[in-house]
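One-letter residues, chain by chain:
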Amino acid sequence: MSTARKTDPLTELELFEDGLVESILAMSETELLDEIRDAGGDPASILREFDAMLVAVKNSCAIERLRQAQESVKAFHKRVVAISDDERTAARKKLDAPQSTAGEARPLLAARKGKGASDRDTKGLIDDYAERMRLENAEGTSDHDDG
Amino acid sequence: MAALAGLPPDEKLKLVKIEAIFRKGTSYRSGALLGEVGARVALDKRHCPRDVSIMAFTIEVMKSISYHERQRLSRERALFADSKPTGTGSGETTFSPSLEAQAAWLKERQAQSDEAMEEIYQLFEKDEEAQQVIAGLSLGLKGAELRNETGLDQAKLDYAKKRIRKKIGTRYPERNVE
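Respectively, the protein sequence lines represent chains H and E. Numbering-wise, numbering that gives the first Met the number 0 puts 15 at position 16 of the first sequence, and it's gapless, one number per residue. Numbering-wise, numbering that gives the first Met the number 0 puts 122 at position 123 of the second sequence, and it's gapless, one number per residue.
Hints listed in this document are in silico derivations from the structure and should not be mistaken for laboratory results.
No more than 16 Å apart at the CA atoms, straight line, and that leaves these computed lysine to aspartate or glutamate pairs for EDC-like:
1) Lys-155(E) x Glu-128(E)
2) Lys-155(E) x Glu-127(E)
3) Lys-161(E) x Glu-30(H)
4) Lys-141(E) x Glu-21(H)
5) Lys-62(E) x Glu-21(H)
6) Lys-92(H) x Asp-126(H)
7) Lys-122(H) x Asp-85(H)
8) Lys-23(E) x Glu-13(H)
9) Lys-161(E) x Asp-37(H)
10) Lys-141(E) x Asp-17(H)
11) Lys-57(H) x Asp-43(E)
12) Lys-161(E) x Glu-21(H)
13) Lys-106(E) x Asp-7(H)
14) Lys-166(E) x Glu-34(H)
15) Lys-166(E) x Asp-37(H)
16) Lys-165(E) x Asp-33(H)
Build the full structure now, drawing on both the sequences and the hints.
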């Protein structure tokens, strides 16, 4: 045989494996089924195992993705700082202020199905407004610091 | 994942045969390497490019996982054998690989590959044609080049490849790391 072996065994093994893969890819369906049966394998059972493996992987990945999502939600909640009572009171004062203006619409307390805003709407609004005030104050402080 | 599940039966069977080749020298059990590919796709760690077939993609990812797993195992063996434990003062002990250790790791990888090739040749001790084909494939030869190098016509070449696949299919995965 004229072929001399290469000196790098890593490359040699890799190329040999690539050659084997190519020869498997080039097999006809009949050849493939015959070869599996000759080796004592059952193509139908191999296919069932293949499909079952995919289902198992899909299920375990769905659980993993759910766990990751739960971790993200936890991490998000850790970052959110609760609104304090003082902040709520300050926001309430600001929100109530336009009420004294006679004849003007109260755009913040939007009518809900014609019955006015619920307590929950109002509380949510106050919390949102308190958070906005906090952000505005933080911006003011940081502008002041920068300047 | 859906693309893998939707492959025709013969392609699934081919992937199972190919997986057996890449499992060699790793700790992956039958089906686990293919499952790892599916998991990486499902968890968005790997994406099949639009212009690449799912077969080619799956084979490449299996090859890559296998390469890194073989590398990891040989590195562990070589580095831990050679490294000296270093105290950090905090009670922890770390292993810092020296240049010598890294060279030992490469040597270990080469020795393992060399050993694997020797074993493959030994499987075909009495089959000179198969040995010629193995030598040609390990040089990266294909088609006419392989025929010229081995001196075999296409029919004989196909038959030799069949013998190689058959023997390798039953003996090769046995070399898995336990």
